[in-house]
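2 protein chains.
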Amino acid sequence: MKPELDDLAGSAGEWLRGTGPESDVVISSRVRLARNLDGYPFLTQAAPKQRAEVEALARERIEGNKLGKGMNVLYLALKDLNPIERLFLVERHLISREHAAGDADRGVAVGKREALSIMVNEEDHLRIQVLRSGLQLQEAWDEISKIDDALDRSLTYAFSPQFGYLTACPTNVGTGMRISVMLHLPAVVMTKTLDKILHSLQRINFTVRGLYGEGTQATGDFYQISNQVSLGKSEEELVQEMQGVVPEIAKYEKTWREKLLKEKRTWLEDKVWRAVGTLKNARTISSDETLELLSLLRLGVNLGVVDGVDQRVLNELFVSTQPGHLQKHEHKILEAADRDAVRAAYIRKRLGA
Amino acid sequence: MKPELDDLAGSAGEWLRGTGPESDVVISSRVRLARNLDGYPFLTQAAPKQRAEVEALARERIEGNKLGKGMNVLYLALKDLNPIERLFLVERHLISREHAAGDADRGVAVGKREALSIMVNEEDHLRIQVLRSGLQLQEAWDEISKIDDALDRSLTYAFSPQFGYLTACPTNVGTGMRISVMLHLPAVVMTKTLDKILHSLQRINFTVRGLYGEGTQATGDFYQISNQVSLGKSEEELVQEMQGVVPEIAKYEKTWREKLLKEKRTWLEDKVWRAVGTLKNARTISSDETLELLSLLRLGVNLGVVDGVDQRVLNELFVSTQPGHLQKHEHKILEAADRDAVRAAYIRKRLGA
Numbered sequence: 001m002k003p004e005l006d007d008l009a010g011s012a013g014e015w016l017r018g019t020g021p022e023s024d025v026v027i028s029s030r031v032r033l034a035r036n037l038d039g040y041p042f043l044t045q046a047a048p049k050q051r052a053e054v055e056a057l058a059r060e061r062i063e064g065n066k067l068g069k070g071m072n073v074l075y076l077a078l079k080d081l082n083p084i085e086r087l088f089l090v091e092r093h094l095i096s097r098e099h100a101a102g103d104a105d106r107g108v109a110v111g112k113r114e115a116l117s118i119m120v121n122e123e124d125h126l127r128i129q130v131l132r133s134g135l136q137l138q139e140a141w142d143e144i145s146k147i148d149d150a151l152d153r154s155l156t157y158a159f160s161p162q163f164g165y166l167t168a169c170p171t172n173v174g175t176g177m178r179i180s181v182m183l184h185l186p187a188v189v190m191t192k193t194l195d196k197i198l199h200s201l202q203r204i205n206f207t208v209r210g211l212y213g214e215g216t217q218a219t220g221d222f223y224q225i226s227n228q229v230s231l232g233k234s235e236e237e238l239v240q241e242m243q244g245v246v247p248e249i250a251k252y253e254k255t256w257r258e259k260l261l262k263e264k265r266t267w268l269e270d271k272v273w274r275a276v277g278t279l280k281n282a283r284t285i286s287s288d289e290t291l292e293l294l295s296l297l298r299l300g301v302n303l304g305v306v307d308g309v310d311q312r313v314l315n316e317l318f319v320s321t322q323p324g325h326l327q328k329h330e331h332k333i334l335e336a337a338d339r340d341a342v343r344a345a346y347i348r349k350r351l352g353a
Numbered sequence: 001m002k003p004e005l006d007d008l009a010g011s012a013g014e015w016l017r018g019t020g021p022e023s024d025v026v027i028s029s030r031v032r033l034a035r036n037l038d039g040y041p042f043l044t045q046a047a048p049k050q051r052a053e054v055e056a057l058a059r060e061r062i063e064g065n066k067l068g069k070g071m072n073v074l075y076l077a078l079k080d081l082n083p084i085e086r087l088f089l090v091e092r093h094l095i096s097r098e099h100a101a102g103d104a105d106r107g108v109a110v111g112k113r114e115a116l117s118i119m120v121n122e123e124d125h126l127r128i129q130v131l132r133s134g135l136q137l138q139e140a141w142d143e144i145s146k147i148d149d150a151l152d153r154s155l156t157y158a159f160s161p162q163f164g165y166l167t168a169c170p171t172n173v174g175t176g177m178r179i180s181v182m183l184h185l186p187a188v189v190m191t192k193t194l195d196k197i198l199h200s201l202q203r204i205n206f207t208v209r210g211l212y213g214e215g216t217q218a219t220g221d222f223y224q225i226s227n228q229v230s231l232g233k234s235e236e237e238l239v240q241e242m243q244g245v246v247p248e249i250a251k252y253e254k255t256w257r258e259k260l261l262k263e264k265r266t267w268l269e270d271k272v273w274r275a276v277g278t279l280k281n282a283r284t285i286s287s288d289e290t291l292e293l294l295s296l297l298r299l300g301v302n303l304g305v306v307d308g309v310d311q312r313v314l315n316e317l318f319v320s321t322q323p324g325h326l327q328k329h330e331h332k333i334l335e336a337a338d339r340d341a342v343r344a345a346y347i348r349k350r351l352g353a
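Quick note, the sequences are listed as chains L and P, same order. Sequential numbering from 1 applies to the first sequence in this note's numbering. Sequential numbering from 1 applies to the second sequence in this note's numbering.
None of these hints come from the bench; they were simulated from the model. Remember, it's a predicted structure, so these values are computed and weren't measured experimentally. Please note: incorrect hints may appear among the correct ones.
Copies of the same chain are indistinguishable here, so a pair counts whether it falls within one copy or spans any two.
[Claimed, not checked] No farther apart than 20 Å at their CA atoms in a straight line, the calculated lysine to any residue pairs in the SDA-like style are these:
1) 264 - 82
2) 192 - 138
3) 262 - 306
4) 112 - 46
5) 259 - 283
6) 196 - 210
7) 262 - 98
8) 262 - 338
9) 196 - 101
10) 262 - 341
11) 254 - 243
12) 259 - 336
13) 146 - 289
14) 79 - 324
15) 49 - 203
16) 254 - 159
17) 192 - 60
18) 79 - 6
19) 192 - 338
20) 264 - 334
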C-alpha cells in the first residue's frame, strides 16, 4: 500500500466536509477544466511514447511547484497503484472511474485537503478539478483559474482563437469547463417532486447524475448537477448561471423539509430513527443501503431530529463505507458478502453502537 | 377502569411466561372444556331470563369457592367492562373475541396468575380453560379435570350416556375438550418448511390457527395447534396424542434453528439485530410489525445471539403492545396512528433505548 494514501484515509476530504454556504443541501461545488498540451496529439491518437512524454512533462511541471504559492501536491502514478487504491481515489472523487480503469501512463496530483486534483492523461492531457464544501462556485473558480494560469505559464495549452481550448471530446471545447454541484435532496425525493426539478434543469441544459458522475445512479438522494455546454459562454457566465440556479433548488428542498417536519413529523422522525437503529445494529449491509440510511441520518441531523451524532463522523462514513475504503482499511481484497459484514461492523464502531 | 384489571396488567400472564418444558418453542399449553347446565337450553335457544339465570347460577358457584382448595377467582361481568377492558382480556387470552363482542349477561372468572379462566355464556354456558407455560398438557389436564369435577358437584352438566357432554356446536360434543398448544416457529417459517408441518397436522385432524384463535392470522411466527375432533376419544387419549406430536414439531424447529445458526449465522444475526434496532428506535410501529420483530428478538435471545434483553420484559412486550393494553395503559381510546406512536414510545422505554 502507498503510505501516502493512508494520510488521506480517515477524513472525508473537501467534497464531504459538510461546511460552507448552503451546506445542509449543497454538499460541494466543483469546477473542472479540460486542457491539452500543444504539440501533442489527443490521447486517442497519441503513440505510447507521446503519452509517456505528456505524463512526464505534466508531472514535472505540477510537482515543480508551478501551481502557485503553497500549492504542494502529492503525485501518484496510476501504474503504482493496485485496484483497491485506485477505487479508493475514485470514492474520494479524486479520479474518475475511467481513469482508475486505465493502464498506460497516467497519474493524479492531489492537493492539500483534497481540494485540488489534476488527472494526467485521463480523457484529456490534463483534467484539473477544484472542490469546495458547500456552495462556493466563485471561490472554486477563482482558485482553479489561478492554478490554470500558473500551469499555462509553464506549459503551452492547445488553444484556438476561434473555438477556445481544444479538447478530446467536442462537448468540452470552448472553456473546457464543467461546473458541478453535489446536492442532497432527501425531502424532494420523499415528496416525489424530483421530476419537476429534473425537468426544469434539463430545459436549461443542465445534466443530473448520481454520486459518482457519468453513468452512475443517484444513491442516498445525492444528485450532481452540471452544465452541459461549455462553448459560447464565458467561464464567469457559466459560474453565474449555476450560482443562480442552485439556491433555488436548495430553497425548494428546504421548504419541503420544513413542510415534512410540520405536517408529517412522526413519520419523518420514524424514518430517520429507524435508519439510526439499522445502522447501529445491522450485521451485514450493502453500500447502497448504507448510503440511503446515512442520507436519512444526515437529514435528521440537519433538521435537529437526531442529536448525539458527530457531523464529522457522519460525513466520513459516507466515504469510508465504500468498497475501496473498506478494503484499504482491512488491507485485503474482500468478496461482496465479506465487505457487507465488515461494513456493518465498521459503522457500528464509528457510531459507538 | 376496573381496578382489578390493573392487577393483571404489567405481567405477561401464564400464557406467555416463557417457562416450562420446551419453552423455547412451546409458548403455552391450553386445555378447554365446553360445559352446559342441565335444565337450561343452549344459549342460541335461551330466553334472556334463562340466560341471566345461567350466569347468576354459574357465578354463584364459581365465586363460592367451589373450584377446589385455594382456587380463588376474580369474576368480571362483561356488561361492567368498556371496550378497551374487553380487548385487554382478549389480548391476555382470557376471553374470546366473540365473548368480548357480546352484550347480554356474560362473564369471566379469572384465576391466579391467569392460569384459569371460565367464560360464562360464551358459546356454551361454561367454557373452562387452564393454561400452562411451555409443554405441560398433562398438568393442564389434571388441573382442569379437578376444577371440572368440583363444578360438577355443585352444578348439573348436560350429559348424554351415548354422546357424552352436550354442547352448542356439534364439533364439541363428546369430551367437550379442545387441547391447544401455542408454538413459536420462526426458523420453520424462515426456511419455508412450514407447509410440510401444516400438511402433516391436517392429516391427523389437527387445526392450525394464529395467535388469537379461530379466524386470526398467524403473526410473529406464532401458531396455535388444536385437536379438531373431541368425539370418540377419551380426554387422556387426546392429551397423549397432542403430547406425542408437539415434541416432534419442536425438534424440527430446533433443528432448523441450529442449521441456520451454523450455515447462515451472519444473515440470522443481522435479522435479529436489525429487529432490535428498529424496536429501540422506531417512532411509530404497528402491532403486526411489533409482533414480527419481537418474534425475531425472542429467537435471538433463545439462540444466545442477543444478550442484555430481559426475558420477562420481552414476554411482557408481546402482550402489552397490543391495542387494548396500550389504551388501557394510556387510560384513553386512541386512533390507530396514535396507538402506533404510543406503542413505539412504550417499547423504547421498556427496552431501555
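### Query
Which earlier hints turn out false for this structure, listed by number in ascending order?
Hint check: 1, 2, 4, 7, 9, 12, 13, 15, 16, 17 and 19 fail, others pass.
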